[in-house]
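Both chains are given apart, each in its own frame, so use the hints to dock them into the complex.
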Amino acid sequence: MAEEAISYNGRDTDPERPVLQVEDLKVHFPIKEGLRRRIVGFVYAVDGVSFEVGHSETLGLVGESGCGKSTTARAIIRLLDPTDGKVTFLGNDITTLSRKDLRPVRRDIQIVFQDPYASLNPRMTVREIVAEPLRIHDLYEEGGEDRVAELLRLVQLSPEHGNRFPHEFSGGQRQRIGVARALALNPRMLLLDEPVSALDVSIQAQVINLLIEIQEELELSFLFIAHDLSVVRHISHRLGVMYLGHIVEMGTRQEIFENPVHPYTQALLSAVPVPEPRGRDQRERIVLRGDVPNPANPPSGCVFRTRCWKAQPICTEETPPLVEQFGHVVACHFAAPLEIKT
Amino acid sequence: MTEPVLAIRDLVVEFDTPDGVVHAVDGVSYEVYPGETLGVVGESGSGKSVTVMSALGLIQTPPGRIVRGEVIYKGRDIIGLPIDEMREIRNKEIAMIFQDPMTSLNPVFTVGDQIAEALLAHNEKMSDDRARDETIGLLEMVGVPNPDRRYDQYPHEYSGGMRQRAMIAMAMANKPSVLIADEPTTALDVTIQAQVLEVMKLAAEETGAATIMITHDLGVIAEMADRIAVMYGGKVVEMGAVDEIYHTPRHPYTLGLMMSLPRITGEIKRLLPIPGNPPSLISRPPGCSFHPRCRMSEGRELCRTSVPTLADVDHGHLSACHFWDEVAEELAREAEATGIQAHGGALG
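Just so you know, the protein sequences line up as chains P and Z, in that order.
The first sequence begins at 951 in the working numbering and counts up one residue at a time.
The second sequence begins at 79 in the working numbering and counts up one residue at a time.
Careful, some of the hints might be misleading.
Simulated DEER-style distance windows between Cβ atoms [as the list claims (entries may be wrong)]:
hint, chain 1, residue 1, chain 2, residue 2, range
1, Z, Thr95, P, Glu1208, 48 to 54 Å
2, P, Ala1246, Z, Asn184, 23 to 29 Å
3, P, Glu1100, Z, Asp178, 55 to 61 Å
4, P, Ala1246, Z, Lys253, 39 to 45 Å
5, Z, Ala410, P, Asp1051, 55 to 61 Å
6, Z, Gly354, P, Gly1229, 31 to 37 Å
To list a few chain P residues with every Cβ distance to chain Z over 10 Å, as calculated [as the list claims (entries may be wrong)]:
hint, residue
7, Leu985
8, Lys1036
9, Glu1100
10, Leu1168
11, Ala1246
The set of hints was computed from the structure by calculation and includes no laboratory data.
Because the structure is a prediction, the values reported are computed rather than measured.
Beta carbons are placed, not taken as given, at the ideal position from N, Cα and C, and that holds for glycine.
The shape of chain Z in the complex, shown without the other chains (with noise of 0.2 Å):
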């Protein structure tokens, strides 16, 4: 594979709050490759906004601190950037999209100026009259109906798809290396989600960005990845191919979510959640962090004691767990039990 448009490298972050210290982001790396979609899941308070956030230098310094770790875009470390170089580099080279599209448009100004002034800003040769055809054919491009007319529209005029859609036609309109959608799709509703993702796709292959896409939602990621990164209590705790995270997990957490995930189509079984609730970010199990929950964990000393460390276990696939070879095992004991069958795509 090409040089990674963009690498967090070991970042650590961490926030002080009256209750302690929160160790939000625990040693993070991933990388993203020119063209890829990579899909980073985890729940509330994994992690896995704060991780990108804090690349982007977008936390509140304090509480925030970044303790260490690289973001390196296009060969370079981007961490402690002056304000207004990364900026720059957050406007015209990584952009970003948000769950609200309500709360990133500006309610004042009509959503065509506000793309055309993105474009504008990193194009001081550019007319006006030029920025607004762009700006057209750029909404055009995400579906939005009449965008002569809509151009001239206020933000609260769209509905939430479609502010969701010139969200990402203002993400685009610099044609940036890498868009980062946090959540994008979890406020719609989903005959509207499916909408939006077409124009995602579609945004992606016109581009040629890297995409990072981040969601707690197992059924949109596994539509959109190439590769998934799974986070749980401020780590990677998997990552790997979108096919073999959904078929081959190689880490319990991951197997958790798969079992716990109630389904659309096929036989209805009983749900297996995984036991107890997410770790506390400020004290910290000892070990493993997901040792409290893990049904592999029981009577074994190791997984209380050492904390595993991220490791390539299959040809690219990566597991945060000591005892990543017998997943297989345990998926297909709790296949059993839950009544359904291992083989044939159980999983997916």
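Pulled out of the complex, with its shape left as it was, chain P reads as follows (with noise of 0.2 Å):
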């Protein structure tokens, strides 16, 4: 155990075993007062997600701005340390491996950001950015170039876009040399931020399509989060809905759009306007009161029971656990399949 902790090995591994395994993931924010900088509390931005993404698989986590999806990344990959939890990735525990010793695992899980224009360097050019993996890793010497250039001819760009720089190119086309950077060294795993949420719809199905396209082709795994259902709809092999920090149902694509038992995510579907102005005017909307509560003070119990409308003494007091009931995990007191007209 102790061994497996400082070694990485991601290449040689069990193709049953899951990709990426993450256990009670938690992740709190000390909240700092004073001039001693004393800690006078926490938010609770994290606050025990488990889950697991398979080979080739993606797996969709969706939900409302600060409920956790994005932290969740980032300690995946260690860009925060995690307060408690186990991250395993392709069977070694990689949680609290050293700076030197994650060098390896980041190879192999890369992640694509939101915002094209603020990730890109705007003094390098698209051949030096999607090389700049490679030199790091000192693999650019032998070979580098033709990569760099398959890579472009990947992600649909082509090899003369190489000598441009950034501004040159629109939102979509940013986006797609974010992607080729993080394909440069042949990950097994990419943590996709709202990659596709900054851009207009007729250039969003282009990337949708292209991350399909890529996933099939290098039999990748994708932890892929967004705000946008539809979008997670069309990408996603299996679904986990969020909510301040926890999540509320994890199931099959279909399990959670056609049969969502949390009353959240019942909310959350029946809110999304729908593009079919036909029987606009009959369709039955949940229409959830209030705000997220502060991470910093969840509710006791469940942390949803202050905008559920079914809420109980009960979910107060205890924290339901996500445990399988209708066919998938949910965690409510009062899970119930619901008759949804959308």
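Given below as structure tokens:
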């Protein structure tokens, strides 16, 4: 066990095992006050999240701002240090690896960010941007140039684009550059943090199709984080719905969209505006009361209870565990299917 | 139908930039009638926001420039009105709601005082107490809980959804004839968006205002609009009743938008994106500005040489496409290619 923790040998792995396993992950940010920066409380950004991602699988994490979905991704590749929990990647416990030992892990898990304007260095050409990971890992000298050309082709940019600078590209093209860079080291897994949220719908569809093609071709695993449910539905095999640092419901795409049993999932789905004007006045819509509570002071018991129309005294007293009900896992004392007309 | 309350006629707006002249708005015409909601939909750079901003004298000149066009409000052209007259119209007659409520509210005044100020500015005889009472009533209408207490809070004490409600209350304070909402829910989470959209519908019903709702979100617009204007490259390319735009589009761009849209229900099929990128507004393509991305234009000289005009093609359904009558066929073809059925509201 201890030996496993210091060495990372991502390449020889059991194909039966999940690529990524996250167990009871917690990220609590201290709130500091006063001159001595005394800790006066914590923001419970991620508070006990567990899931797995299999080979060539996409797990979608959905939820509204502040639910902890991006923090989860950042804690997985240790851009943030988790407070508690365990992250296992290709059978190796990577939770406590040192910076140095993390390097090979970060070759195998890459992250793509939302903002294609902020995540590319404006002073580097596209070729340099895509080559940078290869150089950092001392892989450029041998065939690096060809590799960069191949990567640009893979994301459907032409090789001539390599000599240009990021500002010469549209948002969609920039996001392709970000994807090419993420693929440079031949990773096993991509963490995609709102990768299409900043894009217009016609361009968004191009990038979604590209991601699906790349996954099939390279047999990659994706953790796909987004707030847009229709995008997540399109790309994910399985889905976890997050609320205030917790996964409240998780299952296959079909289960979550066709048979949601957590009241929050039901409300979330019914709140999505439908691009179909016919019958819009007849649609039944669950409009939730109020706002998401402050994650520094989360409600006792079930975190959703303050906005839930089903809440009973037990919801204040006992945190519902994430357990199998109605064919998938859900954390609710009163989980039940609902007839939603969308 | 009655007279439109606001009509934009052939508006052309340009901006001087170091890279050249940006043709942001290129001959836009649309109108909105009392009590109706006109949805203006388009992607970034389509000119949907600049059109209304210039119509209300809210663009910087220079670098901006209104080259030509009219903005008829209640029978009078308001372009080039003196600043104070324009301000009077903006505050009282045509109200606006923007995407980001944090930057539209003054952080050093309480929310209540800001709304009350909007009331007092246009009602000289109103007492302060009366303004406070009316403001609390407005906050209540838009669903701000405990409006009495919330009156005295500052914008930072409001959540994003509550701030947007406060903005709606402020916009409605003087019972405007036109409400212009520019991406009013884009910054909000989906459950909060649902709340705010309900409030907007309610506010429009209460005041009978005509609404121009600008958005890139085809879901939001399908929920809210009576008619839709689709903008692309600084032009209106299609306009018609909401049901027709979604079910029988007459412009290949509108069709392309519908086909690229991932959906929350129905069969999951491959998306059919619009190829290429939006046009540069500095060096615009000749002919139809959509032709470089249009499947229907392949091998057609006309699309490359002649700019199509927006014309009525089907009883109030307008399209700016030379081959508008082929869009239905194209829809059937694309539907087949992506494996969806073209009937039964495949687009919806």
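Hints versus structure:
1. Thr95/Z x Glu1208/P: 48 to 54 Å: Holds - the Cβ-Cβ distance for Thr95/Z and Glu1208/P, about 50 Å, lies within 48 to 54 Å.
2. Ala1246/P x Asn184/Z: 23 to 29 Å: Taking Cβ atoms as reference, Ala1246/P and Asn184/Z lie about 27 Å apart, which means the hint holds.
3. Glu1100/P x Asp178/Z: 55 to 61 Å: Violated - the Cβ-Cβ distance for Glu1100/P and Asp178/Z, about 42 Å, lies outside 55 to 61 Å.
4. Ala1246/P x Lys253/Z: 39 to 45 Å: Taking Cβ atoms as reference, Ala1246/P and Lys253/Z lie about 41 Å apart, which means the hint holds.
5. Ala410/Z x Asp1051/P: 55 to 61 Å: holds (58 Å)
6. Gly354/Z x Gly1229/P: 31 to 37 Å: For Gly1229/P against Gly354/Z, whose Cβ atoms are near 34 Å apart, the range 31 to 37 Å holds.
7. Leu985: holds (24 Å)
8. Lys1036: holds (30 Å)
9. Glu1100: Holds, since 22 Å exceeds 10 Å.
10. Leu1168: holds (19 Å)
11. Ala1246: With a cut-off of 10 Å, Ala1246/P remains clear of chain Z, as the shortest Cβ separation is near 14 Å.
Going through the hint list in order, the structure does not satisfy hint 3, though it satisfies all others.
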